[in-house]
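**Q** We have chain A already, so just place chain B on it with the hints.
Chains as they are written, first to last, in our numbering: chain A, 40 to 594; chain B, 40 to 594.
Think of the hints as simulated: they come from the structure by calculation, not from any bench. Be a bit skeptical, because a hint or two may be false.
A pair holds if it fits inside one copy or across any two, identical chains being indistinguishable in the list.
[Said to hold, decoys possible] Simulated pairs of lysine-lysine, DSSO-like, Cα-Cα distance not exceeding 30 Å:
no. : residue 1 : residue 2
1   : K556      : K403
2   : K232      : K447
3   : K582      : K380
4   : K363      : K373
5   : K556      : K164
6   : K356      : K582
7   : K373      : K403
8   : K442      : K380
9   : K403      : K380
10  : K363      : K447
11  : K356      : K442
12  : K583      : K356
13  : K442      : K373
14  : K134      : K442
15  : K380      : K103
16  : K563      : K232
Listed here are the chains, written in short residue letters.
Number of protein chains: 2
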Amino acid sequence: MSNERIIYLPLGGAGEIGMNCYVYGYGAPGEERLIVVDLGVAFPDMDTSPGVDIIFADISWLEKNRDRIEAVFITHAHEDHVGAVGHCFERLGVKVYARAFTANLARQKLAEYGYSEDTVQTCSKWPETVTAGPFTVGFLPISHSIPESSALVIDTPAGRLVHTGDFKLDHEPLVGEAFDPELWAEVSASGVKAMICDSTNVFNEHEGRSESELGPNIEELISAAPQMVVATTFASNVARVKTLADAGVKAGRSICLLGRAMRRMIEAAIETGVLVDFPRVVSPEEAVEIPRENLMLIVTGSQGERRAASAQLSRGKYNGIELKEGDLFLFSSKTIPGNEKEVIRIMNNFSERGVDVVDDAGGKYHVSGHANGPDLARLQDIVQPQIVVPMHGEHRHLRQHVKLAEQKGRTGVLAVNGMMIDLSGNVPTVAEWIEAGRTYLDGSVQIGALDGIVRDRIRMALNGHVLVTVILDEDDEPLGEPWCELRGLPETGRSNAALVEVLEEDLNQFMGRAGDKTLTDDDKLEEGLRRIVRNTSQNEIGKKPEVTVVISRLS
Amino acid sequence: MSNERIIYLPLGGAGEIGMNCYVYGYGAPGEERLIVVDLGVAFPDMDTSPGVDIIFADISWLEKNRDRIEAVFITHAHEDHVGAVGHCFERLGVKVYARAFTANLARQKLAEYGYSEDTVQTCSKWPETVTAGPFTVGFLPISHSIPESSALVIDTPAGRLVHTGDFKLDHEPLVGEAFDPELWAEVSASGVKAMICDSTNVFNEHEGRSESELGPNIEELISAAPQMVVATTFASNVARVKTLADAGVKAGRSICLLGRAMRRMIEAAIETGVLVDFPRVVSPEEAVEIPRENLMLIVTGSQGERRAASAQLSRGKYNGIELKEGDLFLFSSKTIPGNEKEVIRIMNNFSERGVDVVDDAGGKYHVSGHANGPDLARLQDIVQPQIVVPMHGEHRHLRQHVKLAEQKGRTGVLAVNGMMIDLSGNVPTVAEWIEAGRTYLDGSVQIGALDGIVRDRIRMALNGHVLVTVILDEDDEPLGEPWCELRGLPETGRSNAALVEVLEEDLNQFMGRAGDKTLTDDDKLEEGLRRIVRNTSQNEIGKKPEVTVVISRLS
Numbered sequence: 040m041s042n043e044r045i046i047y048l049p050l051g052g053a054g055e056i057g058m059n060c061y062v063y064g065y066g067a068p069g070e071e072r073l074i075v076v077d078l079g080v081a082f083p084d085m086d087t088s089p090g091v092d093i094i095f096a097d098i099s100w101l102e103k104n105r106d107r108i109e110a111v112f113i114t115h116a117h118e119d120h121v122g123a124v125g126h127c128f129e130r131l132g133v134k135v136y137a138r139a140f141t142a143n144l145a146r147q148k149l150a151e152y153g154y155s156e157d158t159v160q161t162c163s164k165w166p167e168t169v170t171a172g173p174f175t176v177g178f179l180p181i182s183h184s185i186p187e188s189s190a191l192v193i194d195t196p197a198g199r200l201v202h203t204g205d206f207k208l209d210h211e212p213l214v215g216e217a218f219d220p221e222l223w224a225e226v227s228a229s230g231v232k233a234m235i236c237d238s239t240n241v242f243n244e245h246e247g248r249s250e251s252e253l254g255p256n257i258e259e260l261i262s263a264a265p266q267m268v269v270a271t272t273f274a275s276n277v278a279r280v281k282t283l284a285d286a287g288v289k290a291g292r293s294i295c296l297l298g299r300a301m302r303r304m305i306e307a308a309i310e311t312g313v314l315v316d317f318p319r320v321v322s323p324e325e326a327v328e329i330p331r332e333n334l335m336l337i338v339t340g341s342q343g344e345r346r347a348a349s350a351q352l353s354r355g356k357y358n359g360i361e362l363k364e365g366d367l368f369l370f371s372s373k374t375i376p377g378n379e380k381e382v383i384r385i386m387n388n389f390s391e392r393g394v395d396v397v398d399d400a401g402g403k404y405h406v407s408g409h410a411n412g413p414d415l416a417r418l419q420d421i422v423q424p425q426i427v428v429p430m431h432g433e434h435r436h437l438r439q440h441v442k443l444a445e446q447k448g449r450t451g452v453l454a455v456n457g458m459m460i461d462l463s464g465n466v467p468t469v470a471e472w473i474e475a476g477r478t479y480l481d482g483s484v485q486i487g488a489l490d491g492i493v494r495d496r497i498r499m500a501l502n503g504h505v506l507v508t509v510i511l512d513e514d515d516e517p518l519g520e521p522w523c524e525l526r527g528l529p530e531t532g533r534s535n536a537a538l539v540e541v542l543e544e545d546l547n548q549f550m551g552r553a554g555d556k557t558l559t560d561d562d563k564l565e566e567g568l569r570r571i572v573r574n575t576s577q578n579e580i581g582k583k584p585e586v587t588v589v590i591s592r593l594s
Numbered sequence: 040m041s042n043e044r045i046i047y048l049p050l051g052g053a054g055e056i057g058m059n060c061y062v063y064g065y066g067a068p069g070e071e072r073l074i075v076v077d078l079g080v081a082f083p084d085m086d087t088s089p090g091v092d093i094i095f096a097d098i099s100w101l102e103k104n105r106d107r108i109e110a111v112f113i114t115h116a117h118e119d120h121v122g123a124v125g126h127c128f129e130r131l132g133v134k135v136y137a138r139a140f141t142a143n144l145a146r147q148k149l150a151e152y153g154y155s156e157d158t159v160q161t162c163s164k165w166p167e168t169v170t171a172g173p174f175t176v177g178f179l180p181i182s183h184s185i186p187e188s189s190a191l192v193i194d195t196p197a198g199r200l201v202h203t204g205d206f207k208l209d210h211e212p213l214v215g216e217a218f219d220p221e222l223w224a225e226v227s228a229s230g231v232k233a234m235i236c237d238s239t240n241v242f243n244e245h246e247g248r249s250e251s252e253l254g255p256n257i258e259e260l261i262s263a264a265p266q267m268v269v270a271t272t273f274a275s276n277v278a279r280v281k282t283l284a285d286a287g288v289k290a291g292r293s294i295c296l297l298g299r300a301m302r303r304m305i306e307a308a309i310e311t312g313v314l315v316d317f318p319r320v321v322s323p324e325e326a327v328e329i330p331r332e333n334l335m336l337i338v339t340g341s342q343g344e345r346r347a348a349s350a351q352l353s354r355g356k357y358n359g360i361e362l363k364e365g366d367l368f369l370f371s372s373k374t375i376p377g378n379e380k381e382v383i384r385i386m387n388n389f390s391e392r393g394v395d396v397v398d399d400a401g402g403k404y405h406v407s408g409h410a411n412g413p414d415l416a417r418l419q420d421i422v423q424p425q426i427v428v429p430m431h432g433e434h435r436h437l438r439q440h441v442k443l444a445e446q447k448g449r450t451g452v453l454a455v456n457g458m459m460i461d462l463s464g465n466v467p468t469v470a471e472w473i474e475a476g477r478t479y480l481d482g483s484v485q486i487g488a489l490d491g492i493v494r495d496r497i498r499m500a501l502n503g504h505v506l507v508t509v510i511l512d513e514d515d516e517p518l519g520e521p522w523c524e525l526r527g528l529p530e531t532g533r534s535n536a537a538l539v540e541v542l543e544e545d546l547n548q549f550m551g552r553a554g555d556k557t558l559t560d561d562d563k564l565e566e567g568l569r570r571i572v573r574n575t576s577q578n579e580i581g582k583k584p585e586v587t588v589v590i591s592r593l594s
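Pulled out of the complex, with its shape left as it was, chain A reads as follows (with noise of 0.2 Å):
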């Protein structure tokens, strides 16, 4: 029996929705030669990563093995699959494979870093491959809310993979490939030893619906709508663009694209030809001069995100064009879950416009690009894989997903980051664990989620910062009395005194009973005057805030 082995390693996006980043390798344990699919991104919230720009998977461990790695490949032009191609390359060094309008994207990322056109490998799609080292690797098609997503079919000396990447089985998506149940049955026909399975919609229980069912209902929303319609949803879902574009021709309307990821992925979509017989758009400088019950603004910011054109048109004018009473605002999209009250705060904004706001709460103008139960079945069903490896998920997503594929009399293995499974034989087993965690891009650094940075400005943010500052002469005596800065608190308390005042009477009083062993010793001096911060300011206004105590000496 040969001693080389098949591993999967999940490092990001098993155990979250979000920051996708999964290796496999094929070799002897401790040499396998690797390959890296997908470096995507989540994102930051002020619960628990303030300031920060941007998360992704900690990748420490490979760039450790860089040199064991062969290729990255992306399966698909999300953010949380590509978005951290750019942050990663230097620390990687290997080459990004893709599609044509995945590679499209991910050259943008690159070139964000200064990084050359032929860092990226544009594929074809299965039937072609690439060689990467043991691997074999094909883009196979499949359908999702972003054009060009594919499956990967990864072929090892030991057996075939196939990496679903994200995917719903639609057989007319509009843009794009449609799922084609005789392709995957074709290709799973030699034997499949795992599938590594997107698990986003696992709880659903009803089948998916296609892209296709939308058109109509939109059309119908738009002819009735008296005065101008904005609809708005993720730029990167090409399809549902031209869906709500060529609604809102049917009914009369020319069409103005908001918002720069809009026209940059409509634009990506034609240059390489995944996007075709787009409508004719007019430039918001022409839109202006169109009467508002013949324009239709198509938009950026389903999310609520604050600086986009959703949230902009919202506050005011945007691009000169603004909301008035009577206009519709149609949110053609799901609201992701922790963005709830952003996308609130825009209805209610319109709402004081007089604006109309139509969402998908009765499920007739948005579906999703993800696979739910009845379709994980369906697939496996097609593929018929040896083993069932959930990915794209949280834990109880995961969970569910090993339930279903037991259910079916498949071995499901429940892998979340870190987790390195060994695929090689019969039953999966974990053949290590590897310190899995999350890298923040703040500003321009890269920071790791547990170095106490993030952690420091939370308790800022939620307890305030007191400065105290002291001086000290030659003598180790007090020169002046300490000083007292404030920032996030209340200026006064119990006392109805300044509290500033009050805080620096009792540093005084404290640094006035002080005797030599506190004075000459810096760690204690700072331990005393802490203490005497947070005692006071509990006594005063109920909290203790954070402190830092600069102590300066003169000798």
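**A** For chain B alone, coordinates are given in the frame of chain A:
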């Protein structure tokens, strides 16, 4: 014609869901005698109000006019209606009126501030009334998700108003009074000038469902569960707690209540006689001795609150009880927008423990406590008010509710917080704009939402904080070098040297270059030092931190 008028002034709740506070007045303009309906709270979040404990309406206008206030009436005991009575009592100094269950909980809140029991007057239900200046007020029973929720029938010399409070039209609410359409018709028969009406669920297009529908579904779920069952809901939803407990008993399980709020609510409901026939409960100590398949816990924390029983059970032991593989956890609740991430975190924690989580995605285990669109229309038909004034809703809810009234041929008025409406004539008019806002309870201090304190906290959280200390001697010459302390910032940036050292180096160079004009002028010096820190940081780490400069002069 009389010079006197009826006014309605929402100070909280008309523009958001939460922090309800409404004022009614009768008398000559500017001299109206006033009553306050509800003093509720809203809850803070990291995005807008980090570190804040709770939020309530800015009552400055009421405080300024406290000699005109006759009484405070509380419609029901939900936190967003009663939560601020304790915090506001001293500033208003008037007696609080409520029915027995609500009064019981209001007294607990006032007791926290040391106020005696008789600050709250217990009222009987309609047809009994309370006279408060020119007003006669009666508590008209209506169903909701808490016992003894009541509408207020407010009689003035110029006609009758009906303030619905929060409600649903449940003919079989299990605990508390059923909606009684005959009684409501009778009360309305003599004519209702205006109905001020809950708007929370106006967008739901289906008729509301009764609490009584849930019992069989829940019993079925529990009966099929092989191991321990845990259910969570709002503690104040006494009917639901009873529905859960009854279902548990029918399925042969002992019931254990976990969480302080859960026990307190059930005790208050039993003490005040609104809850009868509640099953015998076991203590946590007894519970651990009971076989898992015979036990059901009913616990706090349906919204993912970090310190509530649900969250603690998801992380490990709580009161000696620990959940295991095969246990079932039921969310018999709806997740309030903004709480999704916390609730999902708990679901994933349970998933890691092998606990099966069931929520209300299928609509089987929860019904809302608020009237839906068709129910609001039905109530209008019964009450036949001359004017409909939507309250308790975001702007979009109020606007939709006005539309609903107008569709039924009634006068609707969209009044948001701070808009004083004159209801005297046939057409309501805006009498005045009052400055409305939010007050934050921050530790033990009440601060204004716009005081800048919380804004400073948010800035520190987003940008980090740099402290700069410089000392100048008697001749205004720098003594030693500038000193930096960083909080919430990366240790190193672009140049790979410690950020603190790069900053101190640049600051030192600035001090060396600075002329007398700068060194003798605190404002100029501070401005210069701040600019250096921000520019150098931008260059090194790609972000501009908050800066606090402390200049110490020995002169």
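**Q** Each hint: holds or not?
**A** Consistency of the hints with the structure:
1. With identical chains, the CA atoms of K556 and K403 are never at most 30 Å apart, being 75 Å at best within one copy and 68 Å at best between copies.
2. Taking the closest pair of Cα atoms, K232 and K447 come within 30 Å of each other only inside a single copy of the chain (16 Å); across copies the shortest separation is 64 Å, beyond that limit.
3. Proximity of K582 and K380 under a CA criterion of 30 Å is satisfied in both settings, with 28 Å inside one chain copy and 26 Å between copies.
4. Only within a single protomer do K363 and K373 lie at most 30 Å apart by alpha-carbon distance; the minimum there is 24 Å, versus 34 Å between protomers.
5. Taking the shortest alpha-carbon separations for K556 and K164, neither the intra-copy value of 75 Å nor the inter-copy value of 70 Å comes in at or below 30 Å.
6. Taking CA atoms no more than 30 Å apart as the test, K356 paired with K582 passes between copies only; the shortest distance there is 29 Å, against 42 Å inside one copy.
7. Both within a single protomer and between protomers do K373 and K403 lie at most 30 Å apart by alpha-carbon distance, with minima of 12 Å and 23 Å respectively.
8. Proximity of K442 and K380 under a CA criterion of 30 Å is satisfied inter-copy only: 24 Å between copies versus 33 Å inside one chain copy.
9. Taking identical chains as interchangeable, the C-alpha atoms of K403 and K380 lie at most 30 Å apart whether they share a chain (22 Å) or sit on different chains (26 Å).
10. In this assembly of identical chains, the alpha carbons of K363 and K447 lie at most 30 Å apart only when taken from different copies (25 Å versus 54 Å within one copy).
11. Proximity of K356 to K442 under the C-alpha cut-off of 30 Å is restricted to the inter-copy arrangement: shortest distance 26 Å between copies versus 51 Å within a copy.
12. When the C-alpha separation of K583 and K356 is checked against a cutoff of 30 Å, the pair qualifies only between copies, where the shortest distance is 29 Å, while the shortest distance within a copy is 44 Å.
13. Taking identical chains as interchangeable, the C-alpha atoms of K442 and K373 lie at most 30 Å apart whether they share a chain (26 Å) or sit on different chains (26 Å).
14. Proximity of K134 to K442 under the C-alpha cut-off of 30 Å is found in neither arrangement, the shortest distances being 37 Å within a copy and 59 Å between copies.
15. When the C-alpha separation of K380 and K103 is checked against a cutoff of 30 Å, the pair qualifies neither within a copy, at 41 Å, nor between copies, at 33 Å.
16. Proximity of K563 to K232 under the C-alpha cut-off of 30 Å is found in neither arrangement, the shortest distances being 63 Å within a copy and 71 Å between copies.
In this structure, the hints that do not hold are numbers 1, 5, 14, 15, 16, in rising order.
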